[in-house]
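Quick note on the UniProt record's numbering: the sequence shown kicks off at 1 and runs consecutively.
Keep in mind that the hints are not guaranteed to be accurate.
Below, in silico cross-link-like pairs of lysine-lysine (BS3-like), each with a Cα-Cα straight-line distance of 25 Å or less [said to hold, decoys possible]: (1) 285 with 237; (2) 152 with 331; (3) 161 with 271; (4) 161 with 285; (5) 107 with 79; (6) 220 with 433; (7) 433 with 410.
Source of the hints: derived by calculation from the structure; they are not laboratory data.
Model, not experiment: these values are computed from the prediction.
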Amino acid sequence: MSQKKSVVFKNLLPTIRQYQQSGFTHEKIVELLKDQHDLDLVTVETFKSYLYRYAKVNPAMPKNTATPHSAQTPRQIKKSSKLEHVCYDIRGPVLRAANEMEEQGHKIIKLNIGNPAPFGFEAPQEIINDVALNLPNAIGYTDSKGIFPARKAICQYYQQKGVFDMHVNDVYVGNGVSELIVMAMQGLLDDGDEMLVPMPDYPLWTAAVNLSGGTAIHYKCDEENYWYPDLADIESKITPNTRGIVVINPNNPTGSVYPRHVLEQIVALAKKYDLILFADEIYDKIVYDGIEHVALAALAGDQLCISFNGLSKAYRIAGYRAGWMAITGDKARAADYIEGLDMLASMRLCSNHQAQYAIQTALGGYQSINDLIRPGGRLYEQRNIAWEMLNEIPGVSCVKPDGAMYCFPKLDPEIYPVEDDEKLMLDLLKAEKVLLVQGTGFNWPTPDHFRVVFLPAENELREAINRLSRFLAKMR
């Protein structure tokens with residue numbers, strides 16, 4: 001937050017405390033302040049973020065606690081306190097501001113989310129046809145883990161990647177990987193448990209750990225070493241409360257693809273300290289320049305490993321919500337945990353039946369993603385365009401992504417002394433109508449990075465980065 005807005009916020013603290021003691025939510029407080037003090041859109045969104053952060057670190061400021069009420073004075077209905085440390089800034093305050101601007105008639109170039117279809121990436125027609133063909137068979141519930149053909153196809157896919165100790169009953173089909181990440185954390189973590197999560201990370205992991213009662217402990221990924229995990233940092237953060245290590249490979253938001261020797265060292269740490277491995281591999285087919293993606297489960301041996309993958313990215317059908325998690329390693333020792341996962345899977349009955357028919361066709365058919373990631377392919381060329389243009393901006397540097405669909409550039413703090421990167425993204429949005437996500441939204445500790453999605457068509461991608469360059473030029 002700028003110094004001016006920080007002063008305004010602190011001057012309003014007595015009023016804010018009164019509102020909180022009256023039981024008003026953060027959203028309601030900001031709405032009242034907006035009306036009473038004629039706050040602009042950027043200030044409103046900044047205040048929302050600052051209010052949440054201030055309440056977390058300042059015990060003198062009451063949080064959303066219940067107040068006495070009666071039938072004559074209905075109480076405010078508040079969110080669970082479990083959500084106090086849950087954030088998902090990819091769809092957070094900056095996006096809300098962008099949506100409000102669109103409602104006012106502004107055209108926004110959105111580079112905030114990895115959703116291929118709206119950018120003109122078509123799904124394989126064979127998948128669409130087979131799902132449509134099977135709609136009459138997809139009216140009822142399925143097995144809570146998913147239909148047999150889908151799970152069998154998943155097992156066979158992992159066999160191709162060198163994973164052989166997987167049975168169809170070790171596979172859970174879900175409504176996208178996101179649902180299954182939350183399920184895996186809820187089934188494992190107790191209050192006080194810790195989970196090692198990369199920094200930066202896909203923020204759902206941190207949110208899922210915290211929502212499940214655990215604590216996300218972030219290990220460093222080294223920008224000076226291709227964004228590979230810092231093995232020494234991982235080991236230094238292992239405690240008796242550590243339950244597992246999350247590995248996002250290819251990484252979101254950095255695009256880093258980890259080589260075999262790095263993964264082998266992570267497996268060695270898991271074996272040394274008896275930790276569960278959680279492998280988020282949703283971008284395993286989106287790798288460039290002939291780089292190999294190595295499945296973590298293929299290296300883990302008897303160490304318990306839970307792998308996550310799905311069809312959203314490589315097959316461009318994010319809306320189908322077709323994902324899976326698969327368990328390998330010493331399953332007998334994890335029988336109680338697996339029983340818990342079975343219980344959680346059964347409680348939601350089953351995942352979307354219709355989308356499950358996409359899995360066998362997708363994994364067994366022509367892999368059209370290869371046409372997009374080879375030289376001349378749209379993803380390959382747009383990766384190069386984004387990376388080159390970002391590095392041409394004075395004071396901006398970007399490690400070339402080897403996979404996924406994102407760049408994670410750095411702002412030189414000597415040139416751009418940013419204190420609040422969320423406000424920076426709001427200012428960019430207001431000035432240039434370009435929507436990006438700040439680096440702290442991915443649990444990066446300093447306000448000097450941001451994520452760029454390079455999915456828009458080439459002309460729109462170039463226009464967005466040119467607007468970013470123009471905006472940053474005014475800060476130098």
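Right, here's what the structure says about each hint:
With a C-alpha separation of about 31 Å, the suggested pair residue 285 and residue 237 falls outside the 25 Å cut-off, and the hint is violated. Between the alpha carbons of residue 152 and residue 331 the distance comes to roughly 18 Å, so the proposed pair stays at or under 25 Å and holds. Simply put, residue 161 and residue 271 have alpha-carbon atoms about 21 Å apart, close enough for the 25 Å limit, and the pair holds. Our distance criterion of 25 Å between C-alpha atoms is met by residue 161 and residue 285, whose separation comes to about 12 Å.
Straight-line distance between C-alpha atoms of residue 107 and residue 79 comes to about 33 Å, which puts the hinted pair past the 25 Å bound. Taking the CA atoms of residue 220 and residue 433, the gap is about 32 Å. The hint is violated against a cut of 25 Å. Between the alpha carbons of residue 433 and residue 410 the distance comes to roughly 21 Å, so the proposed pair stays at or under 25 Å and holds.
The structure shown violates the earlier hints numbered 1, 5 and 6.
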